[in-house]
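Protein chains: 2
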Amino acid sequence: MTTAQLVEQIKKKQSFLCIGLDVDLNKIPEHLLKEEDPIFAFNKAIIDATHHLCVAYKPNTAFYEAYGLKGWKALEKTINYLNENHPEIFTIADAKRGDIGNTSTMYAKAFFEDLAFDSVTVAPYMGKDSVEPFLAFQDKHTIMLGLTSNAGAFDFQTKLVDGKELYKKVLETSKTWKNSQNLMYVVGATKAEYLADIRQIIPDSFLLVPGVGAQGGNLQDVCKYGMNDSVGLLINSSRGIIYASKDEDYAQVAAEKAKELQAEMAEILSV
Amino acid sequence: MTTAQLVEQIKKKQSFLCIGLDVDLNKIPEHLLKEEDPIFAFNKAIIDATHHLCVAYKPNTAFYEAYGLKGWKALEKTINYLNENHPEIFTIADAKRGDIGNTSTMYAKAFFEDLAFDSVTVAPYMGKDSVEPFLAFQDKHTIMLGLTSNAGAFDFQTKLVDGKELYKKVLETSKTWKNSQNLMYVVGATKAEYLADIRQIIPDSFLLVPGVGAQGGNLQDVCKYGMNDSVGLLINSSRGIIYASKDEDYAQVAAEKAKELQAEMAEILSV
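Chains as they are written, first to last, in the UniProt record's numbering: chain A, 1 to 271; chain B, 1 to 271.
Bound conformation, chain A alone (with noise of 0.2 Å):
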């Protein structure tokens, strides 16, 4: 997918929403466990609530192996079913990866090809040999971690590193690697007033945000700060929209959830 087909979407929908499909079996309603493939039903069911309400979904890798082979095949109908009944909305492979060259070239090939996800997450901790590889598909999106939403983002991301902190060296530097045109970015909402000076940084790219809601971001400081003229953002939400109920009405109430956040998305757009 095209990012200008992504821009598209996000207009037509007015949205800018990604779900997380981070499907935990403790998690999910009870009567899904009968289930012969209790990920995918329970996947497929939130897809089908929801898919007129956001523009991308983002199934975890971690959620997926943790179950092995179960896993791995539920993660493949799951993207099979999005590709098959929703080819215009983005997907995302949450996977953090990194490797040295030909090794990442490998991870490339499973999500892009064996899988075809529109785009994956890496890290960037490796360099530059690590990403190009993902980078040199066309159409196909790398979305490398900046700075994230966590605790430990403070260890290293936000240390000083020529007088600059890491994940600015990091988004600074990615600039110059080949086919960088089709990088995006994880930059968490916990901070939205960094978003300022990552916009210095990176005005074009989207970013992906990741935080907002059960990690305490706040949407329309997001939007302040790092809102671009093609928008240039997908706001992630899993557990708040997926367990908002843990009854058989769970879809629904995902679709309940996924509405209000997108009706203030199309608030915002509308200003």
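Careful, some of the hints might be misleading.
Claimed, not checked - Below, a list of computed lysine-lysine pairs in the DSS-like style, where the Cα atoms sit at most 27 Å apart:
1. A:K13 - A:K44
2. B:K77 - A:K73
3. B:K164 - A:K175
4. A:K164 - B:K159
5. B:K140 - A:K70
6. B:K175 - A:K164
It should be emphasised that the hints constitute simulated quantities derived from the structure, not laboratory data. Because the structure is a prediction, the values reported are computed rather than measured.
With chain A fixed as given, assemble chain B onto it according to the hints.
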């Protein structure tokens, strides 16, 4: 597996060799492609031929994920084969994972419980709460990226933070984390002289050293600067062993290459 058991194996086998099982279907002998599961068939033959010469095997998850469900199944069969037939061997899931707390716990479950690896590699960018969930597992080992062996290591890892290189900051900081005794570190062999500095910071930890052979590192130098009283080193070789021959004799040639390294290690251990 405990660290003491690993050290015991090293002394018994006179080897601290780790063999990387990075199976690329384009690189294995052609006759294997007729097998039902070529990846596992390749791994099984390599393991059967080399298990007495090494103390650890390290499948890199990228090479399995790239083949989807079939790949994940081959990974599962490989680790099960190792645990059933060679429980004394230390197993490493080279996955370079890392995510926010509850998500890292899911990754830890995937590799320590579902697949029953002894250890997993992780990336440090997201800090303390992305690594500690792995450290909570008893007699399991978390091998964190310190200084990697690729060119991109110089993009961020060697930049100065508070007057010292980022990778040193990472090593130092990690020592303060809960259950840090379960940490080992990835340190690239292409910079053997850095090992002296690294040993100042983490004198007692095991180091997983990739990059001997194909990537140009020198075993003698690595041992000179990196060995401690408990040996404290696992030297990884992947391509130099498993792809030494592309013919039907591949397992035998792999064993010859492994034997060369093991003999060199035995000599170093005897001094």
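Results for each hint:
1. For the hint linking K13 of chain A to K44 of chain A, the alpha-carbon distance of about 20 Å falls within 27 Å, and the restraint holds.
2. For the hint pairing K77 of chain B with K73 of chain A, the CA-to-CA distance comes to about 16 Å; that is within 27 Å, so the pair holds.
3. With a C-alpha separation of about 25 Å, the suggested pairing of K164 of chain B with K175 of chain A holds against the 27 Å cut-off.
4. This hinted pair checks out: K164 of chain A and K159 of chain B have alpha carbons roughly 11 Å apart, not beyond 27 Å.
5. Restraint check: the Cα-Cα separation between K140 of chain B and K70 of chain A comes to about 24 Å, which is no more than 27 Å; the hinted pair holds.
6. Between K175 of chain B and K164 of chain A the alpha-carbon distance is near 25 Å, which keeps this suggested pair within the 27 Å criterion.
Taken one by one, the earlier hints all hold for this structure without exception.
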